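Could you fit the two chains together into a complex? Lean on the hints.
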Amino acid sequence: MSTVLINGIGSALGAQVARQLSAHDGVTVLGLARCEPSAPVGCAEWLVAHLSGLQLIELLRAEHVDTLIHLDFAGADAPAEGREAAVQQNVLGTMEVLGACIAAGVSHVVVRSHVGIYGANPKNPIMLSESRPAARGGLSGLLRDLAEVEHFLAEFTVRHPEISVAILRFAPIVGGWSPLLEYFAQPSPRTLIGFDPSMQLLHIDDAANAIVLAALSPCAGAFNLAADDAVCISQAIRLSGQQPVPTIEALIGLSASMGDRTKLRPWPFDISFLRHSCVVDTRRAKDVLGWSPTHSAVDSIHSARKNGRAIDDPATSEAAMRAFLSRKG
Amino acid sequence: MSESIEIEVGGQSADLTAPPAEVAAPKPQRTSRAKQAAEPTLEVEATAKRRARKPRAAARVEDVDVRVVQPRAAAPTEDADVRAAGKAAPKVPPAAAYWDVHPGDSLHEVELEVRNNASQQQGQAAVMGNVAAGLIALIGENMRRMTEEQVGKVRELLSGTDLSDYLDSSFWQGVGMVLQYQVQEQVDFVKRRLRGEYHVDPYGMDYEMIEVVRPFMAFMYRTWWRITSHGLEHVPAEGRAMLVSNHSGVLPWDGAMITTAVSADHPVRPDRVVRSLHLHWFSTLPFVAPALAATGQVPGLPENAVRLLENDELVCVFPEGLKGVGKLYKDRYKLARFGRGGFVQAALRARAPIIPVAVVGAEEIYPMLYNAESFAKLMGFPYFPLTPFFPWLGLLGTIPLPTRWSITFCPPISTEEYGPRAADDPLTVLSLAERVRDTIQATIDTRLAERTSIF
Chain W
267 MSTVLINGIG SALGAQVARQ LSAHDGVTVL GLARCEPSAP VGCAEWLVAH LSGLQLIELL
327 RAEHVDTLIH LDFAGADAPA EGREAAVQQN VLGTMEVLGA CIAAGVSHVV VRSHVGIYGA
387 NPKNPIMLSE SRPAARGGLS GLLRDLAEVE HFLAEFTVRH PEISVAILRF APIVGGWSPL
447 LEYFAQPSPR TLIGFDPSMQ LLHIDDAANA IVLAALSPCA GAFNLAADDA VCISQAIRLS
507 GQQPVPTIEA LIGLSASMGD RTKLRPWPFD ISFLRHSCVV DTRRAKDVLG WSPTHSAVDS
567 IHSARKNGRA IDDPATSEAA MRAFLSRKG
Chain D
183 MSESIEIEVG GQSADLTAPP AEVAAPKPQR TSRAKQAAEP TLEVEATAKR RARKPRAAAR
243 VEDVDVRVVQ PRAAAPTEDA DVRAAGKAAP KVPPAAAYWD VHPGDSLHEV ELEVRNNASQ
303 QQGQAAVMGN VAAGLIALIG ENMRRMTEEQ VGKVRELLSG TDLSDYLDSS FWQGVGMVLQ
363 YQVQEQVDFV KRRLRGEYHV DPYGMDYEMI EVVRPFMAFM YRTWWRITSH GLEHVPAEGR
423 AMLVSNHSGV LPWDGAMITT AVSADHPVRP DRVVRSLHLH WFSTLPFVAP ALAATGQVPG
483 LPENAVRLLE NDELVCVFPE GLKGVGKLYK DRYKLARFGR GGFVQAALRA RAPIIPVAVV
543 GAEEIYPMLY NAESFAKLMG FPYFPLTPFF PWLGLLGTIP LPTRWSITFC PPISTEEYGP
603 RAADDPLTVL SLAERVRDTI QATIDTRLAE RTSIF
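For the protein sequence lines, the chains are W and D, in the order given. Mapping of the first sequence onto our numbering: residues 267 to 595, in sequence order. Mapping of the second sequence onto our numbering: residues 183 to 637, in sequence order.
Excised from the complex, chain D in its bound form (with noise of 0.2 Å):
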């Protein structure tokens, strides 16, 4: 399992660090690892989770100074080579100092280190290590749901604690104090959702639950899906612009997909949510509408798109809509009609770039194989899937299957140079809806085409 997995990492890594277009590469080897090496950013948080869960080799290195960190270029095997390059940084400096751009990230190298550090160790000092590098990780987190205030609070009471000498009594007294406080943050959390303190937008997107589901995404991402996203520099890190994706897969599972995309994988990490626009059906669904609004998504209608552009947000759209997320099996990959351009109205009147998305995999999740539609009449639901697993096994056949999935951004399409009549001029929208809709297929065509297996 863990050697596979193994792979996979790489082969991700690689395919991130190329260009889309010259993604027809043959299948990844292991000797991409080294331009994982190169891209410290990316995927740091899956393979530290991967890391964690690998059998280590307990005598790796001979005997350690239990008190000095050992060097990292002594190791010699080729997996601590890699993971010590992945870190870039020569000599890592007392946690304490690099905390105030990224909390979360540089505890997080602290915890690579750590963990680095442990695994050239012996019998117990290797276990504490990895138990010091599992606390760390945990801090961590938590300090990604936590305000400036609290932050600061944290490393105040880690201000005299080198985090990387896990061997000194006060790394462990430090690492308690403040997992302390974080719980007692945690409580603190939950009082304060029952008395009503926390804000919604107009919208009725909730910050804190987005955080709070946020874990769950990054593993269906990650882990379920394991999700090779290209060209995210496309999105642009501030300011508005429309993505325009196709749709399918019963369950809009791939809106919230792109969205993890962009606040997982993006080079910039841009603290900016992607607001989807849903079938405004769905609003009428209970605790289905509650769930939508708190994570941000918002009932598909053109005068909200346009809103929500206005302000600079990130949209995301499903042109296809119904007749996308209803497909049949034998219909995959074949882009329904893009209604009527509706969406190009919205982006030409708020003047936004248009990037069209390629979502690969997402088809399969829930192969609908016969669409009931005289049973989804009969209950007032758009459709009603009949897959080999749904209705079938009831709840369990609602788990969607793991295939791998790819998602594509494709260089954003300008739409500043048309006047603003354009939205007006309904050869100008369909042409331009057109153009997106060609430039899905063909992405799509061409992921298919590297692709070797859904799994």
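Isolated chain W (complex conformation) (with noise of 0.2 Å):
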């Protein structure tokens, strides 16, 4: 018998685990979100609050969580609202959930975290495994919150060996809202002249997945997941049914911080990532957490491409029509 909190229930993924966590016998999946769950969260009994620490070790007592899933990072699931708001939210939030954890006796923790950590950098490693640190510079927004996090439970993990710490490194998550997959499917993404490095992807479900296996067993430590395929940033914007524009570094960082904002999705990530591949080894994750990716890369772009759109193929019709009518035989 095992209590989940999952802080951040309100995005896709954290729904997607609550659904998951539900269909297992003898957990009992608590939720804490900022905003009203997007998607069902399956049997999970959540509140919509924003609490500060002494609150949070309150509710975690009294509910007796021994686990906590910790997905709530500003500009992972929706826009960020405001630079300074996001540096809150993401590194004091996360230090202030861990300190909640300790003192409230929670013996296991799961971190989200990003492969983009890593840095782009050409003297990393293709393959990088996870006793790669996290970049000390080059990093802005979302990552550079990230990795100042990493640094943080680097340090947190060996002064509190009683609390075991997974930290998930993700792939850029496919499905749900991606300032990634924005970009991919504007018209005319700007890539950066002469560079096309390859990137990986993860699709949402085996994010989920993985989610579940490592608040589900006692593993502690860092866990790269990815597809297990790569694509070229050109080769993703042209699955998501555009075409690159290559332009000159000035160019991309003048589309940033001008144009009209509504329209120009400029490239989420640091310019190094345009330029210098960041590939991980999801070894590990394989080998400790028994996780293997289902989904390709190319296959959760086209499944992303297809989201939300009507049904043009003929045969698909009729296939989804032959399985309706079969559904009591």
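Hints were generated in silico from the structure; no laboratory data involved. Remember, predicted model here, so these are calculated numbers, not experimental data. For each residue, glycine too, the CB sits at the ideal point set by N, CA and C. Hints may contain errors.
Just the calculated beta-carbon pair ranges, DEER-fashion [to be verified]:
hint, chain 1, residue 1, chain 2, residue 2, range
1, W, L530, D, R375, 24 to 32 Å
2, W, G403, D, G562, 18 to 26 Å
3, D, G334, W, A585, 26 to 34 Å
4, W, D579, D, A558, 54 to 62 Å
5, D, P584, W, D565, 46 to 54 Å
6, D, R374, W, D494, 20 to 28 Å
7, W, D494, D, P397, 26 to 34 Å
Have a look at this one:
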């Protein structure tokens, strides 16, 4: 019998984790969200609140929570509102949550992170392993916050051996809202001329599976999670149905600061990720967690592209109707 | 022109058949062609291309029945004799029958046969034969880039046609259909690329792009540098191995040529790409970085080397690094320091055999007289070469000199007997590195002694 609290159940990823966890026997699922969940959450009980550290300790103690899943990062599942508030939520919010976990005797914490924290650097090997430390510079926005959180966690886990912290470093997640997908799907996304690094993606189903596996097993340390295949950035744009427009670096920066924000979606990460690849090795997650990706990067782009579009393929419509008619038989 | 090339072909093949140690032999002679005949798989493509350019004596054979394929044994001249022997098969069965193994190769044999027949005919028949052979060669080239499914489609289109019987109208019909199909497939290929429907590995290697640049690399290999490869049988057709080569020639052409040697001249013709490790500085150069990645080259970091070897890849390293490529002309063929033995550590960690490779000829392609270091530093380059042609002639100066090369693959040095801890033992690592270096230097010295001219 265990009680799991999902901090950030409001996002598509959080809701999916809640649904999958409620299918397990002997797991009580609780949720904490800053806004109403956008998707069904199974039999999880949740509250919408923004709790301070002390309130969080009280909640964790009262509900006897023994595992906490921390997914609540600004800019990851919804557009961030202001840089200062994002840092407050991402860095200080995570520190508060971990402090509360120590005080309330939570034994296991799963924290979400991003493969981008390694940075994109020609001196980084391809197929980065988890032993590589997070980059100390050259990152901005959400990645910078996450790198700071990783540095904090590296120190924190040494000081507090009584709590096991699993850090899941996800490749950019496909499914739900993501700045990367908006960038891919806009007309003529701008790329850096003369460079076309490979990148990895991760389908939201595989991300949710990994969180569930990490929450239910007493694992600790960092895990890289990505689909087995890689795509070039220009290839990902083409798979999304657009053609890349190679531009010089100055113009990409210009487009990020000026221009019509409602129409133009700039590259969501640092420019260095348009120049050098950041590809990780997922062997540890496969060996320790028993996780394996079910969607390839190419498939997930395809499914994201189809999402929300009317079906114009007669064969698909026919198959759907047959499946519907045979539902009783 | 044609005459001199013909001699080179003979010499090249003779070297290929002889084990590397014996190649101290004198200049290749014309008689060595018999050896060439004994090795039909080697050099097939190159000889075909050269022969295509050879002016042909039209009236060689008297009257031939236009419908019947002339038996080759009747060919009177020495030239035709060699070609017949080179094909090995006494009587070629209908083309479609033996396509299942290597469509490109068997088509190539048909092409040779057609060409041979044409040379024995007169007037229009000879011209038609040459055109037919050219078309078959084109089909074969295209088929190298096709998928199994597409090859099956071509085979189906050609199933009723006897390709060696080019005077039959059904031949032209069949070839026409195939060419139309292949042109359509080429257009589809470009469209598919634009839709992003291709595959890259995590290192960015794009197999389709390798196929696209392969003909150019083969041209540089066969025609520009007339490269002779020795000891390719030491390169395993599958499983991990580390090629360790000397590095030279300002631009890393030697790595590309080692790759081409394995893909074009290996006796087994394994479908494997040599993953060369390059200086990570190249990854910061626009256009160069994606081109290197697409052709399967990887930044030279120890982690990458170990990882690739663990995936059972064929990895090629240049331990001299910049000290090698940026070597001055006066220092040619003197191996620089082999780093700190990092490549040996990687091979020991992955328990991969080390194959020393000696490249001779690459040192002279850009004779670097002076390294303008201060300018290089200003621009952020690792070196800035001043050669007799660069930068004075601008882009023309970047055309490499057409020296004659030889690439020697030495017998592999096994790392199996060293334990897993050996990689952390500096003495073992450094002595192995020294052994590899001495092997390469000795092989280079042997090859240099044999060489009579750099061209």
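Report task. Check each numbered hint against the structure and report the violated ones by number, ascending. Result -> none
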